[in-house]
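Protein chains in written order, with the working numbering: chain A, 1 to 442; chain B, 443 to 603; chain C, 604 to 1220.
Treat the hints loosely; a few may be bogus.
Claimed, not checked - In silico lysine-lysine, DSS-like type, Cα no more than 27 Å apart, as pairs:
{"#": "1", "chain 1": "C", "residue 1": "K649", "chain 2": "B", "residue 2": "K528"}
{"#": "2", "chain 1": "C", "residue 1": "K654", "chain 2": "C", "residue 2": "K722"}
{"#": "3", "chain 1": "A", "residue 1": "K355", "chain 2": "C", "residue 2": "K832"}
{"#": "4", "chain 1": "C", "residue 1": "K722", "chain 2": "B", "residue 2": "K591"}
{"#": "5", "chain 1": "C", "residue 1": "K807", "chain 2": "C", "residue 2": "K1015"}
{"#": "6", "chain 1": "B", "residue 1": "K503", "chain 2": "C", "residue 2": "K654"}
{"#": "7", "chain 1": "C", "residue 1": "K1015", "chain 2": "B", "residue 2": "K528"}
{"#": "8", "chain 1": "C", "residue 1": "K927", "chain 2": "C", "residue 2": "K994"}
{"#": "9", "chain 1": "B", "residue 1": "K591", "chain 2": "C", "residue 2": "K635"}
{"#": "10", "chain 1": "C", "residue 1": "K833", "chain 2": "C", "residue 2": "K771"}
{"#": "11", "chain 1": "B", "residue 1": "K503", "chain 2": "B", "residue 2": "K528"}
{"#": "12", "chain 1": "C", "residue 1": "K1123", "chain 2": "C", "residue 2": "K959"}
{"#": "13", "chain 1": "A", "residue 1": "K355", "chain 2": "C", "residue 2": "K833"}
{"#": "14", "chain 1": "C", "residue 1": "K994", "chain 2": "C", "residue 2": "K1015"}
{"#": "15", "chain 1": "C", "residue 1": "K1123", "chain 2": "B", "residue 2": "K528"}
{"#": "16", "chain 1": "B", "residue 1": "K591", "chain 2": "C", "residue 2": "K649"}
{"#": "17", "chain 1": "B", "residue 1": "K503", "chain 2": "C", "residue 2": "K832"}
{"#": "18", "chain 1": "C", "residue 1": "K654", "chain 2": "B", "residue 2": "K591"}
None of these hints come from the bench; they were simulated from the model.
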Amino acid sequence: MSNQTTTSPWKTLVALPENIWRSIFRNPLPSSDLGRASTSFTNFFLHLHPVKVHRNSLKATFTLGLGLISFFLFFILVVTGILLMFYYVPSTTQAYDRMLDLRGTVAFGIFLRNMHRWAAHGMVAAVFLHMCRVFLTGSYKPPREFNWVLGMLLLLVTLFMSFTGYLLPWDQLAFWAITVGTSIASYAPLVGKDVKFILLGDSTVGQEALLRFYVLHVAVLPAVLSLLVAIHFWRIRKDGGLSRPAEEDALPADAPAPVEVISGPAVVMATSAAAAAAAQPVLQKRQYGIQGLVRGPFTKVGNVPDRSVFAWPNLFMAELVVFLITVAGVLLVSLLFNAPLEEPVNVMHPPNPAKAPWYFLGLQEQVSYSAFWGGVGIPTIEVLLLLIVPYIDRKIVGVGRWFAQERLLANFLFLTFVIVNVILIIVGTFFRGPNWEFVSPW
Amino acid sequence: MKTPVKPALEESGDAMTRRRVLSWLSGFGLFGSLIITALSNLIFIKPRATYGQPNRFSIGKPEDFPPGARVSLDTRRVCIVRDGDKVAAISTTCTHLGCIISVSETGFSCPCHGSRYDQDGNVTGGPAPRALPWFQVSLAPNGEIEVDKDTEIEAGNYLRV
Amino acid sequence: MSTRVTLAVVSFVVLIVHGIVFYDQFFNRWEKHQTAYFEQARSLAKTDAEKHALDERGPRIEQIIVTQFGESRVDRCATCHIASDDPRFQGHADPLRTHPYSAALGDVERNGHWERRHKFTDFGCTICHDGQGRGLETFYAHGEDAFWPDPMLGYVTQANWHAEFKAKLTGKEYMQANCAQCHTEDNFAGAPLVQRGRQLFFEKACYGCHRIEGLSNGTLGPDLSEVGKKFKVNYLWEHTVNPRSFQPTSFMPKFDLTDDEIKALTVFLKSRRGINFAETSLGQYRARLQHTKAEETSKTQSSTPSAVRGEQLISERSCTACHKLGDRDGHIAPDLSYEGLIRDEDWMMAHFREPKSRIPDSIMPVFGFAEADFHSISSYLKTRSTPASFKTGEEIYKNLCARCHGEKGDGKGVTYLYLDPAPRDLAKVAFMNSKPEDRFSQALKTGVSGTSMPPWERVLTEEQRRAVLTFVFQTFVKEPRPELKAHRVPEQNPVAFSGDSVHRGEQIFLQRCTGCHGRKADGKGPNSLDISPRPRNLRNSFFVNSVPDKRFFDSILYGVQGTAMPSWIDYGLTQNDVGDLINFVRSMNPQKVSPPSEKAPTLTSQVKQEVLCQGCK
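Chain A on its own, in the form it takes in the complex (with noise of 0.2 Å):
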């Protein structure tokens, strides 16, 4: 502003709306490629991804968008979540009336909450879909090895997440089911009895217990989650963006050969000093701006025919499709459902049968069969298995397309897995009735 002296105080005025606009945005709306690459890149939201992406991956039969749902259901979950902080108390007295509240007196409490429950669920849905998924087609071969392992440590953390959401109502069905899920944890070897004294804070649930799954699930838990996604997302543009098949990559036939200015990840990781100075000369030679259009691991330029097109608008629209029939799928559930409010806790009168939530009726199932390998032994064994799969099954063939035939034998297992749990799951919550006896739900 000191150095346009000639401007008078009132062309000033008029150009305010406008300047505070560009200082905010600082492209408008793009009518050219250099425009569409500006906008990705001097965004703070858009420029999480990258300039432009490959056909493939916007391809919504091959994503199916999960991994977006679950991030957009995560999203819904901090908002709602953090909303209900307001009139949640976590204390044993209190935490039930306040629910009670939210459904009487708080208004759009009992929708905030359907949505939060509802969100929850469908979260833990997602994220086993997304694996599927990602498993299905093939996608954690190398170079995704290492995203392979964030995705099923967020997994993790996402169960644990609901697990721990899931006293905080303080009803019969919050307290029993905890206390079954915690009692399957002490069965873990050595360690098992003070995991579970650990968690919680006393020898039985009860008011310490309430208040450390609270701080899990409000502070420590979503603070894990959201570190993990910010890498899993960055590894996923450092990897090469989502996988694809080897054809895509093939460039028409009558394309340029692409002028490569580093070849070889040393650079884009940058840390060794002397590959760094090797690179120098090469970038002094041509000097590209950051604005050099990405694609795959290494720096390209050149205005190369390839198959990617521009992550604006053509990302971003998708994105947003994904997330508002994201949104809207929780909206509509939670106006036709309740979230479920039972019995205030009676830590003298269980219910018969007391059942912990339905992703882990599975383990329980298992667990009614034998308590240490059903409730530990073979979930150890089957995390352990998924999380070392990218680094024994590492030929790259199958990559980028669903029920590859190459990859029979590893889709068959993955396909029997999912399907045993899922076959647990599904007699555990409907077949299993008082005492945890077989019954008929018809």
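Chain A is fixed; fit chains B and C onto it per the hints.
Same frame as chain A, now just chains B and C:
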């Protein structure tokens, strides 16, 4: 996203209008929802029922307050004044910084910073900026006196009982 | 382009749902009620000031926060029932109706104005009515939601209650249960049902099994001090009517009760909620100290035992709530009409002090009466010594046997559920015709030790006994007795009693027998529930010691026809194996505890310990 996005220049006028209409529709839906969400959240965080004692309460029969009585109900923060057959309720929250004032011979006095009020709640000394408010007093159908702390009335307005 | 269409559609869906939710929030039923109230009150208003005050008021949540009764209660009932304390609305329709005034509740009328004894601002609503004070919708506020533990007493029945009881569970008299929360005095006239229920609690001998703090000390059944807090009236009613309706394994007897009696008991039990509002914890503690002191003095106080006092005690302490005595009959426990001929004083006294010491599986609770009282009762029972005068076998069976063995002889008399071992099914031909006749006549004569089958020796003459036996075989067994095949079994156990033998026997027992007889040999193995008659309790010393080796050999090797006991000789058990088994069983039942006909020492805990330990050695 099946078709690659064509450069804007190549698009026909028709497609442009359609796109524009759709954009407006989506924009309307989105911003409408956003505004409703914001409003709902504001309504949500404003409590409809509080957990303290209610602001509208009954204090008993008129006979409980003989003529000339000046009874300070500390939990309710209100002083019931009866003058002959007239009853009124005067706040006992100091208008200075919110301490509870006590009834004195000359009216009211605040223990915190020495504000003093006369019998009708007018400031007679100390840092108090305003006179003590009077609350609406009414006779409930069951014959008890009801005080409504949500409604302030002009000083000197008594209820005849 | 398809993305944009989807976007437009979805964003509209989101907008519409938002709109619905938002709109929905501003149309509550209670607001309508309040608006209606303001309108009507305005037309009733006499002064302008009143009208003006009403104009100022808009719909809002009315609540009473009650802090003086335990944890603070928030009652928002007046949000809909806004006219509850406005006398002008008497006789209007709910919810805009004045809460009725009632002299019975202590309300007083003075110059045409009623004044309430229990002011709503002090008491709230749920303290008397129950229901969910915080709810603002009828469904939740009145407790119609099946998950709410306190539905409005006498007004609301929940959907999952049994339809047949619903009508019986309504009526404002149920609220008496809540009166008793404060009005704890025994003779409080305002809650007659609570009083009657308390009376019945003693009349029906409930006190024998159940403990209620300050009232009784039974230990056999669950403590009922806080039963009203735990259960809804439907549970209390149904459980009293049929104890097995909620818990199939409950061994609480079904008592003879009329609907009015059940209602009184239900209200009384509902009023048991642990700490009463009327009592401070200090006051309660003092009362408990006083109570135990009084108990001790009453126990040491001994009046001279006499038969007259005994008769009085029997009706005071409600023995006939279960037993039969003359024409009073509780239909649960054995007939005491001929007790003087059946049992001697020692037996009776030992049985009073600890019923299980004579009949190990008896469900009779230990009544902690004073020793002198026991003496009185037994001396009264001794006077019941007129032998039965019934003539024909049929007459005898109807009057003495049918109560346990059933009119049809199927072992299902009125008391059969509560006797363990259960009465023999006399209609089971396979059993009846596989045992020698003298076993039955012996059982009739001397009874079956350790069970509820008494010795009839002195009640019935030999002739009468023969008559009844003939009657049983003619009427129930019908088929002619076949020639009994004599099994070749030793009279005496040929295997010498030794540690080794017992150990071998134990091994066999653990392998073969535990499925039915249980690991503790107490007849309660995992399969026992599905077997009728139930497997023998092999720790019933009176019974085991009364059975000769020969019968053991016969039953084990060749099975017991008409029961689940198989013929073990078919499964490869040799005579020596059975000898070991018998030694093992005998080792758990030392002869020290002699059969009841002789003078027997009581089974002290020390003896019990010995018995148990020997079983494991």
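Quiz prompt | Unmet hints by their number, sorted upward, for this structure | solution = 7, 15, 17
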